[in-house]
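Undergrad: Using the sequences and the hints given, assemble the complete structure.
Those protein sequence lines, which keep their order, are chains B and G.
Counting from 1, one number per residue, gives the positions in the first sequence under this note's numbering.
Counting from 1, one number per residue, gives the positions in the second sequence under this note's numbering.
Among the hints, a few may not be true.
To be verified - Partial list, computed: chain G residues near chain B (C-beta under 10 Å):
id, residue
1, Arg77
2, Glu196
3, Ser203
To be verified - Negatives, chain G to chain B, calculated, CB over 10 Å:
id, residue
4, Gly15
5, Ser21
6, Gly51
7, Gln61
8, Arg65
9, Asn98
10, Glu104
11, Pro112
12, Arg148
13, Thr171
14, Pro218
15, Ala227
Claimed, not checked - Distance windows between CB atoms, simulated:
id, chain 1, residue 1, chain 2, residue 2, range
16, G, Ala114, B, Val287, 46 to 56 Å
17, G, Gly109, B, Leu290, 36 to 46 Å
18, B, Leu618, G, Arg86, 30 to 40 Å
Derived from the structure by calculation, the hints contain no laboratory data.
All C-beta atoms in this analysis are idealised placements derived from N, C-alpha and C, irrespective of residue type, glycine included.
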Amino acid sequence: MDWNKLLELTIYGVALASIYAIAASGLVVTYTTSGIFNFAHGAIGMLMAFTYWQVRVQWGLPTWLSLLIVLGFVAPFTGAVIERTLIRNLRAAPLAVTLVVTAALMVGLMGVATVLWPPDQSRSLPAFFTGKTVSIGSTIVTYQQLLTIGLAVLLAILLKALFTWTRTGIAMRAVVDSRDLVALNGGRPVMLSTLSWALGAMLAGLAGILLASGPIGIGLVIEALTLVVINAYAAALFGRLRSIPLTFVGALIIGLAQQYTVGYSITKNAFFNTQIVPVVPYLLLFVALLLMPEGRLRGAQLVHAIKIRVPSLRTSVIWSGVLVLGGWVVAELVTGTNLTTISKGLAIGIIMLSLVPLTGYAGQISLCQMTFAGIGAFAMSRVASSGTTVGFGSLGIGNGSPLGLLAAFVLAAAVGALIALPAIRLQGLYLALATMAFAVIMSSAFFEGGAIFGTGSTDAGAVQRPDFGMFSLSSNGAYLVFLSVVFGLVAIGVLALRRGPFGRRLLALRDSPAAVATLGGSPTRTKLLVFSLSAGLAGLGGALYGGVDRNVTPGQFSFFGPPGSLAVFVLAVVGGVATVTGPLIGGQLLLLVPVFFTWLGTKLKTDLTPYAQVLFGLAGIGLGRNPGGAVVEISTRFRALVSGRMPRETEMEANGPPIEALLVPGSPLGAPIAESQLLELDALLDLEEVSGLGRA
Amino acid sequence: MAALEVDDVAVTFGGLAALTSVDLVAEAGAVTGLIGPNGAGKTTLFNVICGLQRARRGRVQLDGRDVTGARTFNRARLGLARTFQRLEVFGSLTTRENLLVAAEMQRNGRDPHAVAQEILEEVGLTEYADAHVDSIPTGLARLVELGRALATDPKVLLLDEPSSGLDESETTAFGELLLRLAERGLAVLLVEHDVELVMRVCSQIYVLDFGEIIASGPPDSIRRSSAVQAAYLGTPVAAHASGNGSAS
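TA: Quick look at the structure:
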């Protein structure tokens with residue numbers, strides 16, 4: 001046993017863990033007070049590291065002053081502004097919307113960083129206490145490592161003290177349980193929330209700066225910095241997003257596991273070293289989630305339910321016909337890469353349709369739809385081709401056999417069920433994070449493994465177009481028309497599902513899992529079914545997506561893409577995930593916007609791609625204001641325009657008495673406050689002796 | 001054999017005893033009342049009976065079958081249904097759809113649409129059949145919950161403050177509905193703050209206070225019980241300090 005190596009790896013691991021702990025505790029602080037998981041936490045850390053570079057290196061200010069400016073002013077201010085402008089409006093929004101808004105914020109901030117600090121110039125941050133080291137035995141420890149570990153320990157103590165002994169800290173913890181009660185007790189939940197986001201951004205910033213300048217060697221790279229902080233999410237999950245001490249334990253496990261797996265090539269297996277080791281934090285994230293205790297069945301929540309008119313079978317068939325006609329016209333008019341881009345957008349639209357039953361109806365979130373799409377493409381490539389010998393080889397049923405599409409659906413649905421089995425009991429956010437971990441793990445361990453879609457050779461990534469014999473799909477135009485037909489059919493199916501028993505059950509499940517269970521339905525079984533169905537549809541979409549270029553690459557099915565699972569989810573929700581038109585628009589947005597910006601960029605002779613990123617960010621952020629998505633917003637306004645009335649009024653009239661329409665059942669405001677409720681409130685506020693009604 | 005039998009159930013939240021050794025029986029064909037001040041543990045007891053809350057101790061039996069460890073939906077399939085004090089309607093569905101969801105989960109071969117229509121008429125919600133439930137008044141939403149519970153064709157029905165939000169004439173009609181349900185052979189367990197309604201429809205009443213059954217019996221004996229009067233109307237402060245202060 002090489003003790004020196006062990007010691008060295010341990011010190012590196014603890015230093016890395018310290019950074020994770022700092023970042024993760026920032027996440028915990030914001031989550032506990034606002035109840036909103038900040039996907040953009042990593043991006044904030046990245047942005048602060050760049051700001052620090054600007055101040056420290058570009059402007060040449062002294063280290064202490066730069067730190068003071070960034071961590072004492074810029075970071076808290078950024079956090080507070082984000083809370084004031086975005087987060088505050090999200091309190092009653094569905095989980096999908098809060099995830100999309102913060103994920104979009106992440107993408108937007110990455111775009112902003114790219115605009116401000118173009119990646120073509122290389123930047124670096126000096127280490128703290130350059131060159132100063134101490135030796136422990138023959139192991140050399142840098143001052144920066146000691147500083148990092150010391151800071152983490154200090155922060156752990158300070159945060160624990162804040163949440164245990166100070167009035168503000170205790171109030172912060174109380175806010176997440178009941179904002180209203182904190183307010184009734186004289187607390188100021190709004191102020192506390194702002195404060196926690198300021199603190200959270202500061203901690204993210206500190207982690208970002210330490211990572212960018214530290215011994216870890218991330219450097220100032222936008223994507224890498226943002227992503228490494230995401231490793232910290234796993235640590236926060238060990239603390240169930242609440243406990244600071246457990247978060248630190250989690251960080252330690254992840255930091256050490258990462259360093260040990262990197263340091264000791266546990267096996268001589270190259271695949272393990274290159275494909276598994278990098279995703280160790282995500283494996284741990286997945287494990288941490290599976291170890292979560294089963295929560296009690298959730299009851300109804302105060303969420304603005306958006307009522308969406310469900311088209312009849314007749315209407316959906318007519319509109320699908322219109323879509324196919326539109327597809328045909330486009331196929332006649334457009335040529336070249338523009339045609340294939342539109343086709344890909346339509347295929348992505350089919351993948352987004354898979355989110356309609358899952359997210360739009362059942363309110364469950366999946367951040368791994370492109371993983372299922374990839375599995376579908378894989379099934380198609382192996383079943384419906386005759387040649388490939390790479391990896392698992394080919395079944396050789398025949399070029400373009402439509403059986404490939406069936407195989408794509410079945411295999412993706414099966415994998416979906418398999419992954420859902422352990423994960424489906426998780427609720428809301430935790431399920432979303434589990435699917436994210438799954439997407440990242442699959443991307444590295446499956447798709448990029450070489451056996452699936454090759455590593456550069458186009459042979460393994462070849463995906464056939466289905467061949468129906470009588471009409472050939474070999475021309476790109478014909479394939480677009482075919483995709484329109486499939487989109488239309490899937491849309492008709494999804495809407496028929498909504499009008500039937502299963503669709504009702506899904507909405508019921510979203511509104512109140514507890515009530516579904518008391519009526520004799522198994523929430524887990526229903527969730528499993530819809531998750532599997534959704535995975536199958538994504539698989540079908542993936543097989544068709546692969547057919548557009550007749551070739552796929554591993555990166556397309558990763559979490560970040562492009563197109564990637566995250567963007568697919570974000571744009572489906574932005575388009576309107578409870579409608580079937582939303583995915584149609586979302587798919588086109590995802591593919592066409594970057595093409596448009598590239599085209600405009602070449603015209604203007606500047607690189608506009610980062611602005612496309614910023615635009616994506618803004619689109620997602622805009623969802624905070626119109627949680628139903630673009631389609632719902634536009635159709636409501638359009639109907640208002642046609643009828644010459646404000647949208648709110650038409651809505652009210654259709655739905656019954658105006659006063660009650662403003663009140664949400666289940667909330668204390670759902671009815672005139674009854675005496676019993678007053679008593680309950682008194683009991684909660686410890687006022688029995690004053691009321692004199694309930695208890696003596 | 002009683003339709004519902006609760007033996008020696010205890011629940012603690014942290015260090016706080018929410019229920020300490022509760023025994024209760026609800027017979028088929030009768031409305032059984034469960035009353036008590038707020039915080040007495042009535043809703044917690046309901047949650048234990050339907051499996052949303054795990055008990056630290058004790059047994060729950062439906063028709064003589066021990067369901068203590070059973071999952072919520074399995075208890076429902078054995079004929080247990082309930083409503084919630086804090087509404088748990090499916091707000092984005094219409095009244096009819098709420099009933100349909102419940103009816104469609106049953107495997108009794110009946111046409112869900114017919115069941116839904118029948119119940120709409122029975123609880124008097126035909127007028128609101130196609131309104132989204134989160135836009136109808138709370139009192140009516142409670143009726144939707146009742147209708148939804150009935151659509152599962154239950155043997156035991158737990159009602160948690162069903163009449164709050166109803167006006168006087170609606171409450172009277174509601175009381176008659178409860179008696180009709182009991183006549184059909186249902187065991188109804190009713191948690192209610194409207195003591196007059198309870199006295200009118202219940203044949204047996206349990207009084208829960210500080211997690212304990214302090215009295216039980218037919219309405220008349222409950223009306224006369226001094227322990228009940230103390231719990232409800234209060235006793236002089238000195239007596240309270242030495243008497244009922246087992247938990248706070």
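Undergrad: Take the hints in turn and mark each one as holding or not.
TA: Structure-based check of all given hints:
{"no.": "1", "hint": "Arg77", "result": "holds, 5 Å"}
{"no.": "2", "hint": "Glu196", "result": "violated, 14 Å"}
{"no.": "3", "hint": "Ser203", "result": "violated, 24 Å"}
{"no.": "4", "hint": "Gly15", "result": "holds, 16 Å"}
{"no.": "5", "hint": "Ser21", "result": "holds, 21 Å"}
{"no.": "6", "hint": "Gly51", "result": "violated, 8 Å"}
{"no.": "7", "hint": "Gln61", "result": "holds, 18 Å"}
{"no.": "8", "hint": "Arg65", "result": "holds, 15 Å"}
{"no.": "9", "hint": "Asn98", "result": "violated, 8 Å"}
{"no.": "10", "hint": "Glu104", "result": "violated, 5 Å"}
{"no.": "11", "hint": "Pro112", "result": "violated, 7 Å"}
{"no.": "12", "hint": "Arg148", "result": "violated, 7 Å"}
{"no.": "13", "hint": "Thr171", "result": "holds, 13 Å"}
{"no.": "14", "hint": "Pro218", "result": "holds, 25 Å"}
{"no.": "15", "hint": "Ala227", "result": "holds, 13 Å"}
{"no.": "16", "hint": "Ala114(G) / Val287(B): 46 to 56 Å", "result": "holds, 49 Å"}
{"no.": "17", "hint": "Gly109(G) / Leu290(B): 36 to 46 Å", "result": "holds, 40 Å"}
{"no.": "18", "hint": "Leu618(B) / Arg86(G): 30 to 40 Å", "result": "holds, 38 Å"}
Of the numbered hints given earlier, the model fails hints 2, 3, 6, 9, 10, 11, 12; all others are met.
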